[in-house]
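Peer 1: Following the hints, put chain G with the ligands in place on chain D, whose structure we already have.
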Amino acid sequence: MTHELRAEDLSLGYGPQDVVSHLDVEIPDGKITVIVGANACGKSTLLRGLARLLAPRTGSVILDGKRVQDLRSVEVARVLGLLPQTPVAPDGITVADLVGRGRYPHQSWFRRWSAEDDAAVAAAMESTGTAELADRPLSALSGGQRQRVWVAMALAQDTDLVLLDEPTTYLDINHQVELLDLLTDLNRRHAKTIVLVLHDLNLACRYADHIIAMKAGAIIREGAPIDVIDAAVVTEVFGLPCEVLPDPVSRTPMIVPRGRHHVPVPESV
Amino acid sequence: MTLAHARSTSPAPGSGVAAPSHRHGGGLAAGLVVLVGVLAVVAFVSVTLGTRDVGLATIWKAFTDFDPDNTSETVIRELRVPRTLVGLVAGMSLGLAGAILQGVTRNPLADPGIMGINTGASAFIVVSIMVLGVQGLGTYIWFGFLGAAVAIFVVYGVASFGREGATPVKLALAGAAVTAGFYSVTTGVVMTNVDALNELRFWQVGSIAGRYWPVFTQTAPFMAVGVAVALFSGRALNGLSLGDDMAVALGQRIRLTRSIMFVSVAVLAGAATAACGPIVFIGLVVPHVARALCGPDYRWVMVYTALLSPIILLSADIIGRVSAGDGELQVGVVLGVLGAPAFIALVRRRDLAEL
Ligand SMILES: Nc1ncnc2c1ncn2[C@@H]1O[C@H](COP(=O)(O)OP(=O)(O)OP(=O)(O)O)[C@@H](O)[C@H]1O
Ligand SMILES: [Mg+2]
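Each protein sequence line maps, in turn, to chains D and G.
Read in the working numbering, the first sequence has 163 at position 163, and its numbers run on one by one without any break.
Read in the working numbering, the second sequence has 86 at position 86, and its numbers run on one by one without any break.
So that you can see chain D by itself, here it is in the shape it has in the complex (with noise of 0.2 angstroms):
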């Protein structure tokens, strides 16, 4: 199924000031698109807006042809799921029951848990290798295994855009790929469409079918990793100096930052 999903001169914050003013992006639908920038800048208020769950101040995000905020919430909930960036749980809640909370804008009144429920929460917690803690209380997990509940709640909204907030934090790097090549085989299998927030630019320009790179509430540059990832838009993007050189492994763009120190012979490079 194809979804439009993009925002139009939205402008969103908290306080007096905006954090993202007058912006327009749109999703590309069946894609991966990964939000990059650096600590406030204004990407999960981006992804916040674009969920619904921050009140545009001017302009408005559309999701296939109407404003998000006129269609009915749970609607909303069976096309577009959202993991936010610190969610909470009641305290006590086992993992199995978690992650069937995100079966809810499934479930009515009137249809309460089906055999459909079962098998959206059994894949979703088979795909994050989360099925052998289903019994086990939430708070006695590590950071590392609850944020794979946690996307295993996310994806068991099986929902047709996914947007994840930092997804990988409190993954080790092993998990971080497997979580990475997870979403790509939904992106390819299901046509689901996945925006991330991620912070390692590496794996960011690898997973990527569309960037965006986002500095002070605007998007700067967006595009293919390829096409628009250099030293130029990282070192403006971050304040970094680097080096982009080809990853041996994709071939995409792998950014080596420099810092102050480690750095042997400034000329030599």
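Calculated from the structure, these hints are not laboratory results.
All C-beta atoms, glycine included, are put in the ideal place defined by N, C-alpha and C.
Some hints here could point you the wrong way.
[What the hints assert, rightly or not] Quick list of in silico lysine to any residue cross-link-like pairs, SDA-like style, CA-CA up to 25 angstroms:
| id | chain 1 | residue 1 | chain 2 | residue 2 |
| --- | --- | --- | --- | --- |
| 1 | G | Lys170 | D | Pro16 |
| 2 | D | Lys66 | G | Asp244 |
| 3 | G | Lys61 | G | Trp213 |
| 4 | G | Lys170 | G | Tyr183 |
| 5 | G | Lys170 | G | Thr257 |
| 6 | D | Lys31 | D | Pro246 |
| 7 | D | Lys66 | G | Lys170 |
| 8 | G | Lys170 | D | Gly92 |
| 9 | G | Lys61 | G | Phe44 |
| 10 | D | Lys66 | G | Arg253 |
| 11 | D | Lys66 | D | Val79 |
| 12 | G | Lys170 | D | Pro87 |
| 13 | G | Lys170 | D | Val88 |
| 14 | D | Lys66 | G | Ile254 |
| 15 | D | Lys66 | G | Arg255 |
| 16 | G | Lys170 | D | Gly15 |
| 17 | D | Lys215 | D | His190 |
| 18 | D | Lys31 | D | Arg206 |
| 19 | G | Lys170 | D | Thr86 |
| 20 | D | Lys215 | D | Asn39 |
| 21 | D | Lys31 | D | Lys66 |
| 22 | D | Lys31 | G | Gly251 |
| 23 | G | Lys170 | D | Asp91 |
| 24 | D | Lys31 | D | Thr184 |
| 25 | D | Lys31 | D | Met1 |
[Said to hold, decoys possible] Using C-beta positions, here's what the derived DEER-type ranges look like:
| id | chain 1 | residue 1 | chain 2 | residue 2 | range |
| --- | --- | --- | --- | --- | --- |
| 26 | D | Arg78 | G | Arg255 | 18 to 24 angstroms |
| 27 | G | Trp213 | D | Asp70 | 50 to 56 angstroms |
| 28 | D | Lys66 | G | Val41 | 56 to 62 angstroms |
| 29 | D | Pro16 | G | Val34 | 55 to 61 angstroms |
| 30 | G | Val34 | D | Glu4 | 53 to 59 angstroms |
| 31 | G | Gly188 | D | Arg78 | 51 to 57 angstroms |
| 32 | G | Arg255 | D | Arg6 | 23 to 29 angstroms |
Peer 2: Positioned in the frame of chain D, the structure of chain G with the ligands alone reads:
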């Protein structure tokens, strides 16, 4: 559109892994049956036990073949039964009001007592009686609702300021301030009118003694509506318990949900306060007991709270009746004495931290 997973193995259907909330359904349902039984026993004891010993035969006769000239039968019919019924619905109301507040604010210390809601209701009721000359429970119950609503509005409004929203500490502080404010209004009004002081004394401390049929018939309909709403709100509270962002992401209309929840708390706490004065601890402690028994799923927590609360309220009332010799201890006093240690034990528990 089922998510077939990326890594092939097919889900074991009915493997139990996936059916989270009803995994323990059997045990929890059995627990309900037990609680209903306990409640029936407690209610029965509440009708039979008292300063006047009344035999079973008399109780039976009071209902099947009532003789208005028989004092014992009259005591049963006109005093004990309505008193028990008031305790039943008021207990349910206070417990559910606490459970709703804890769910909506994600705050383990939220409670109609701590948040100043009961005090707000009683202040408005006292002022309406003493200053505005309102007469009759049917009228001043509306002041109870209003007072409860004002307290919720002020406390939640004040506590929600700032980035983290209504944290437990802010909510408790705002509640303490509002309680103190309302309490001094009540005291001030009562002190200037010494005649009324006696009249209000029992009500002030929380009591279900002397709550006769009119009290029941005039407050119970409101509480019944509130209880019904509360029992159906488990799903919504489950959504809110994941935080506002996640609740919206899952398709919940959080403003609407919160508003409905707060209105039902005002009705529950307002009516319960109008019926028996400000009774504390039920709303605070019972939902935690329920949660300890059945876990964090509010669909169960609400039902368990609805049964446990009247059990505890009626038991406290019975203890008050039998423990004070000729007189009686008000249920509010008993609950205070028994509830304080329970509350301390609760605060000392590690897992109180997050809801
Ligand atoms: N709930 C909030 N209330 C007030 N200000 C906020 C809130 N959330 C974010 N901000 C502010 O908005 C700005 C953008 O924050 P945002 O969370 O969007 O950044 P981010 O790009 O996701 O950063 P990070 O990489 O650290 O997650 C920051 O200056 C932050 O302080
Ligand atoms: Mg962020």
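Peer 1: Determine for every hint whether it applies to the structure shown.
Peer 2: So, going through the hints one by one against the coordinates:
no.	hint	result
1	G:Lys170 <-> D:Pro16	holds (24 angstroms)
2	D:Lys66 <-> G:Asp244	holds (23 angstroms)
3	G:Lys61 <-> G:Trp213	holds (19 angstroms)
4	G:Lys170 <-> G:Tyr183	holds (19 angstroms)
5	G:Lys170 <-> G:Thr257	holds (22 angstroms)
6	D:Lys31 <-> D:Pro246	holds (22 angstroms)
7	D:Lys66 <-> G:Lys170	violated (39 angstroms)
8	G:Lys170 <-> D:Gly92	holds (24 angstroms)
9	G:Lys61 <-> G:Phe44	holds (15 angstroms)
10	D:Lys66 <-> G:Arg253	holds (18 angstroms)
11	D:Lys66 <-> D:Val79	holds (13 angstroms)
12	G:Lys170 <-> D:Pro87	holds (21 angstroms)
13	G:Lys170 <-> D:Val88	holds (19 angstroms)
14	D:Lys66 <-> G:Ile254	holds (21 angstroms)
15	D:Lys66 <-> G:Arg255	holds (22 angstroms)
16	G:Lys170 <-> D:Gly15	holds (20 angstroms)
17	D:Lys215 <-> D:His190	violated (32 angstroms)
18	D:Lys31 <-> D:Arg206	holds (13 angstroms)
19	G:Lys170 <-> D:Thr86	holds (21 angstroms)
20	D:Lys215 <-> D:Asn39	holds (9 angstroms)
21	D:Lys31 <-> D:Lys66	holds (21 angstroms)
22	D:Lys31 <-> G:Gly251	holds (24 angstroms)
23	G:Lys170 <-> D:Asp91	holds (20 angstroms)
24	D:Lys31 <-> D:Thr184	holds (9 angstroms)
25	D:Lys31 <-> D:Met1	holds (13 angstroms)
26	D:Arg78 <-> G:Arg255: 18 to 24 angstroms	holds (20 angstroms)
27	G:Trp213 <-> D:Asp70: 50 to 56 angstroms	holds (51 angstroms)
28	D:Lys66 <-> G:Val41: 56 to 62 angstroms	holds (57 angstroms)
29	D:Pro16 <-> G:Val34: 55 to 61 angstroms	holds (57 angstroms)
30	G:Val34 <-> D:Glu4: 53 to 59 angstroms	holds (54 angstroms)
31	G:Gly188 <-> D:Arg78: 51 to 57 angstroms	holds (55 angstroms)
32	G:Arg255 <-> D:Arg6: 23 to 29 angstroms	holds (26 angstroms)
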